[in-house]
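There are 4 protein chains.
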Amino acid sequence: MGELETFYADVAALDLQPLWTQTRNLMPDEPRSAAKPWLWKWQAVRSLCERSGKLVPIERGGERRVLSLSNPGLGGLPFASPTLWGAFQYLGPRESAPAHRHSPGAIRFVIEGQGAWTTVDGDACDMSPGDLVLTPSWCWHDHKNGSDRPMIWFDGLDMPTVIALDAVFFEPHPEASQPLRGRNLSERLYGGRATRAAAARSESPHSPLLLYRWRDTEASLAALLEGSGEPMVTLRYVNPLTGTSALPTMGCEMTRLVPRRRTRSLRKVGSSIYVVFRGRGISVIDGTRFEWGAGDSFVVPSWAAVDHEALEPADLFSIDDRPLLERLGLFREAPPGEPQQVRAEFQPR
Amino acid sequence: MGELETFYADVAALDLQPLWTQTRNLMPDEPRSAAKPWLWKWQAVRSLCERSGKLVPIERGGERRVLSLSNPGLGGLPFASPTLWGAFQYLGPRESAPAHRHSPGAIRFVIEGQGAWTTVDGDACDMSPGDLVLTPSWCWHDHKNGSDRPMIWFDGLDMPTVIALDAVFFEPHPEASQPLRGRNLSERLYGGRATRAAAARSESPHSPLLLYRWRDTEASLAALLEGSGEPMVTLRYVNPLTGTSALPTMGCEMTRLVPRRRTRSLRKVGSSIYVVFRGRGISVIDGTRFEWGAGDSFVVPSWAAVDHEALEPADLFSIDDRPLLERLGLFREAPPGEPQQVRAEFQPR
Amino acid sequence: MGELETFYADVAALDLQPLWTQTRNLMPDEPRSAAKPWLWKWQAVRSLCERSGKLVPIERGGERRVLSLSNPGLGGLPFASPTLWGAFQYLGPRESAPAHRHSPGAIRFVIEGQGAWTTVDGDACDMSPGDLVLTPSWCWHDHKNGSDRPMIWFDGLDMPTVIALDAVFFEPHPEASQPLRGRNLSERLYGGRATRAAAARSESPHSPLLLYRWRDTEASLAALLEGSGEPMVTLRYVNPLTGTSALPTMGCEMTRLVPRRRTRSLRKVGSSIYVVFRGRGISVIDGTRFEWGAGDSFVVPSWAAVDHEALEPADLFSIDDRPLLERLGLFREAPPGEPQQVRAEFQPR
Amino acid sequence: MGELETFYADVAALDLQPLWTQTRNLMPDEPRSAAKPWLWKWQAVRSLCERSGKLVPIERGGERRVLSLSNPGLGGLPFASPTLWGAFQYLGPRESAPAHRHSPGAIRFVIEGQGAWTTVDGDACDMSPGDLVLTPSWCWHDHKNGSDRPMIWFDGLDMPTVIALDAVFFEPHPEASQPLRGRNLSERLYGGRATRAAAARSESPHSPLLLYRWRDTEASLAALLEGSGEPMVTLRYVNPLTGTSALPTMGCEMTRLVPRRRTRSLRKVGSSIYVVFRGRGISVIDGTRFEWGAGDSFVVPSWAAVDHEALEPADLFSIDDRPLLERLGLFREAPPGEPQQVRAEFQPR
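Just so you know, the sequences run in chain order B, G, P and V.
Quick note: the first sequence, position 160, residue 160 per this note's numbering, numbers continuous.
Heads up: take any position in the second sequence, counting from 1, add 1000, and you land on this note's numbering.
Heads up: take any position in the third sequence, counting from 1, add 2000, and you land on this note's numbering.
Heads up: take any position in the fourth sequence, counting from 1, add 3000, and you land on this note's numbering.
Next up, chain B with everything else stripped away, as it sits in the complex (with noise of 0.2 Å):
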């Protein structure tokens, strides 16, 4: 053995490990994201919640009736991207999922179903499709659906983060459901277009506003398309005490498509899932071709192009992990750039 083997042998000995041989493969010159582009269809993940429905209980322990999705690149994670978790929520008529809490923190945005309800720190928020509604880090909350039909939501926390940064807390609540203060109390207070109540406090890096309503972000969409001219607007949802993302930690937007308009493409840092609200189209990322219809849902990695064209008027919503970035002085968008040339074709399963 050579000195040099002798000195890699005592250096690996001593838990230590030279820099020099693999500076380039940790510090690439741009981001490379083991996540790969994907997309899941609605249909296909619709039947395997109906089928959950029917196999699984809810019960403490498991607590959710949840599929996650499940990013390909990630070496069988149940992440859809290293920073985000999306996932899908089923829950039956008048069932409802035990009240906890825990660090990372969560949005719900609803697909299918009316009349349930997420109680967060004892208010009861009513949930339509189109409806966002927070459980801020370290909230306590629960589900309920109260009508005769299934429920099914899209779920996106933060959680891949909140884990690599060691940082998760969970608590079960002492009872399954935890007591009422009211119904849609946030909204009375913090709901308010550009006012807000005097009495209006915050102390939390949250949002105190834990329901956003699918009219009014439809009446904000509709407003900022009108008369802009461009093929895409999209909406941030916001901390009202602040203005700022309404989560510290994940961003919430929604996106309205003009039908047969390609948009410019974009590469920023940092990964979003976005789930099809309504409307079909194609988007491309990183060359690749993805078609999509309402409740399919797909990932863009961090880095990666992507540009869209909707078929017909299109609404996305979408989480990402921009706000962390930016708050960390990490955050960087290339300057958009001309739609892309398609190389393939996404076979979805």
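Quick caveat, the hints were computed from the structure, so don't treat them as lab data.
Please note: incorrect hints may appear among the correct ones.
[What the hints assert, rightly or not] Each pair of labels, with its calculated beta carbon distance range:
hint	chain 1	residue 1	chain 2	residue 2	range
1	P	Gly2073	V	Leu3180	43 to 53 Å
2	V	Arg3060	G	Ala1198	32 to 42 Å
3	V	Ala3012	B	Arg60	22 to 32 Å
4	B	Gly61	V	Ala3012	14 to 24 Å
5	B	Gly182	P	Gly2061	28 to 38 Å
6	G	Gln1022	P	Asp2029	51 to 61 Å
7	V	Glu3003	B	Gly61	16 to 26 Å
8	B	Ala34	G	Ala1198	21 to 31 Å
9	P	Asp2029	G	Pro1028	56 to 66 Å
10	G	Arg1094	B	Ala294	43 to 53 Å
11	V	Thr3021	P	Arg2201	37 to 47 Å
12	P	Ala2198	B	Pro336	26 to 36 Å
[Stated by the list, open to error] Some residues of chain B that are not near chain V, with every Cβ distance over 10 Å (derived):
hint	residue
13	Arg24
14	Arg181
15	Gly270
None of the values given here were measured: they were computed from a predicted structure.
Using N, Cα and C, we set each Cβ at its ideal position, and we do this for glycine too.
Given the structure of chain B, go ahead and fit chains G, P and V onto it with the hints provided.
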């Protein structure tokens, strides 16, 4: 002349003054405003507005047809309080008021008429009763009445403060009317309910939203009152990008009173001007009873105690200097107290 | 009496005023301060201070032995400018000034003497020439001279502003001297050079550091000047927890001038009071030439042009209202210009 | 195959995963870090550094001669904890390391040697034992040893976090050394003690001060300890323009221990790497006893309990991920507890 007299004379001759002879006069235990609690009746104000419309043209130099509230305690100054300007502006059918800008910031709260608009930096903001329009510091603005009936609105400015700070700048626009960029543009980008355009940006210290519609304010008041159990709820108009007051120097609020329920008595540092938008009622200010009805305006000086009782459903618009005092660490309020004993009756003119 | 005269009389009778007759008087093109540029000679001030020491006791009610700069443009008010109070305080050997607190905030800049201290909320802050001591809004403070020689320092307060805002509160301490918690305590927690105690906390709007030593200021001036090539460098005293001005309403600066190099001419919104700590030189303010030496003080009103030239190495301490104007979005400065032509010579008294 | 097995197979085939089978594994009650408490002895590290100096050239590609702490709990990754990179860099006499920049931010804490400097965006920052030099995210930097003796310093980076966020960018400088603008420039503008240049500006999320001298840190430690009565005092290195942590993603602290006084036991979310700058002592981490001396480094994983006892006056430099966790609302600490019982002894290699 004794030694001390000589000394005081020598001090004065050198443009100096002893503190010790006036310490407690300069710094009393609590604020003792020179401003008096006062009320102006709408009928009288409105009749003078109409007469001014016949007698006085709107011209460069005078710029506006405005009657300002002149607090009798302020020695002839045209100010409602030491920090606030309150006034009524009259714009006849098809009239317009020329474009200019100034460092004092202003708000317009519409009392009567429809079909007028204020153009702010090229954005024509429609004005109907109950609407609030901002013309923030150093923004170009002109007013136009496109209807065949007169318009009257309340003008609130921080002008006394900006004068006291030696910070007034004024510039007439080269044209009578500035060019239009569009109509109600600020609403599209910034008017959403806890959503905002992803592209929204603001570098200014004031709200980028310039128009706050009465129907939105009304909906927020109703939501806030619902189930609150309180005799009074108060909204603040905020900058949707930051959650702070719409203007940095002046606050705008709307208070809804429940009939026949007297409120607790409040005292705060800083003055307020109230404009009765709707309803009838009574306010007691430092022991004096003020009766008011729609269109009336009244002043509450700094540190004066005030409580209200509506005789029918009532909405009070108000401006104050609270954001300024808060930014400087000078805001204070006393704990809410019992309603005051009435010791005098205000006799309006 | 014509129709218009009757109208104006009716307007006045109802405590209203027309705007159009006074628009441009209220809002001129640029700030036109009533304050005059003015200078007070140290020799005269010092001599009066000494005489006051013999003639006037320090008692409750008067509280302090202080001579304030009374700007001849301000109609007899004891203020150096519309927003700033500047004064000289004289504390004889072994004397003390009783404890009190007030909402106006103050700074003390030591001119002469050694061995005195100001106790601020129980923290005894030692005072030597060139030191800056803060007694922020509503902090208890008293002064003690532990030496056998008199002390003279400059007092700067935001009092005119706090009076204009109807926000003055005052409270005498129940005892002549407040109890001591320790000596120069604030230095230990907050006096580090870009380090701070991990346990450091502040909820107040002012700096938790109360004592800024001349030796530190001197070292910073020297470092800043080194190799800068400029005729003038200026330091701001900041709150080490936030990097913003030490007090929210009032700025403190120290300016070092290089001899025989005239500076550019500056104009800013807001006034300043300068106190010459060291050196001799000349300042030109709106065309008038002011000669100054150590201990002299002079006022630069809002929007007045000013340039300086030192005749020997000179350090000028100053206070201003810039932090307040910046927080309100009202600060502005003109681009630096050529040194001014001298049109007049100031004749000190 | 039963119905449930078929279901799980179908779920997996569609790149989905059930949550309910792994809920509590993903979200345990408290953080359970994979990282182990671990310690590296200076003698061993130093000797390997010296051998590397003889065996390994510094070249483009490898870029630096660095040995990184590889936590045995992290499956072979070259990271000290899941969020922190810690390493020792060796620069031989007259050697230099080429200029590059990367989005991970770094700090350098000097252990041994004198006469080297790190150039950061053109500013040559001198390095002596105990000095801290920042090379913040995306700043050009290169290192030079101008002396005839080797230099060794500790490198701390947020690299594991930036990798986990898919946010790594890297760029070699076109030249081996970047052009110099000057020497210790950042000190002149930003190095004052609670004063700053009036012209100071910063738009970046990191400190504009790049060099924190040991003599200043030492003075602050001494001041802080004086009369504190505590067995331990801790300083944070801050951005002088904002008072927040010097880098947005990573904290730097210096802790001084009083000999023979055991500290209370602390637990916090997030990991730390300690480097012993001076002294000898013992730390107990989650029940295991670690003995340390000057130059040793050790890791405290997230939510591990830790207490210290110095055997002689000791100063511990440390980095952590607390600023990141605080910005995201994820920081938490347990109330300080009794010193821990020792259950095991760490055997260093």
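Hints and how they fare:
1. The supplied range of 43 to 53 Å is met by P/Gly2073 and V/Leu3180, whose beta-carbon atoms lie about 52 Å from each other.
2. One distance hint, 32 to 42 Å for the beta-carbon pair V/Arg3060 and G/Ala1198, holds here, with the actual separation near 40 Å.
3. For V/Ala3012 paired with B/Arg60, a C-beta distance near 25 Å keeps the hint of 22 to 32 Å intact.
4. Between B/Gly61 and V/Ala3012 the beta carbon distance is about 21 Å. The supplied range of 14 to 24 Å therefore holds.
5. Checked against the hint of 28 to 38 Å, the C-beta distance between B/Gly182 and P/Gly2061 comes to roughly 55 Å, which is inconsistent with it.
6. Roughly 36 Å separates the CB atoms of G/Gln1022 and P/Asp2029, a value that falls outside the hinted 51 to 61 Å.
7. Hint check: V/Glu3003 to B/Gly61, Cβ distance near 21 Å, so the stated range 16 to 26 Å holds.
8. Under the hint 21 to 31 Å, the C-beta atoms of B/Ala34 and G/Ala1198, about 27 Å apart, fit the expected range.
9. Between P/Asp2029 and G/Pro1028 the CB atoms are about 37 Å apart, so this pair departs from the stated range of 56 to 66 Å.
10. Between G/Arg1094 and B/Ala294 the beta carbons are some 51 Å apart, a value that agrees with the proposed interval 43 to 53 Å.
11. Taken as a hint, the range 37 to 47 Å holds for the pair V/Thr3021 and P/Arg2201, whose Cβ atoms sit roughly 45 Å apart.
12. At about 44 Å, the CB distance of P/Ala2198 to B/Pro336 disagrees with the hint of 26 to 36 Å.
13. A beta-carbon of chain V is positioned within 10 Å of the beta-carbon of B/Arg24; the least distance is around 6 Å.
14. With a least beta-carbon separation of about 23 Å from chain V, B/Arg181 lies farther than 10 Å from that chain, consistent with its non-interface assignment.
15. For B/Gly270, the non-interface assignment is contradicted: its Cβ lies about 7 Å from the closest Cβ of chain V, within the 10 Å cut-off.
The structure fails hints 5, 6, 9, 12, 13, 15 (numbered hints given earlier, in ascending order).
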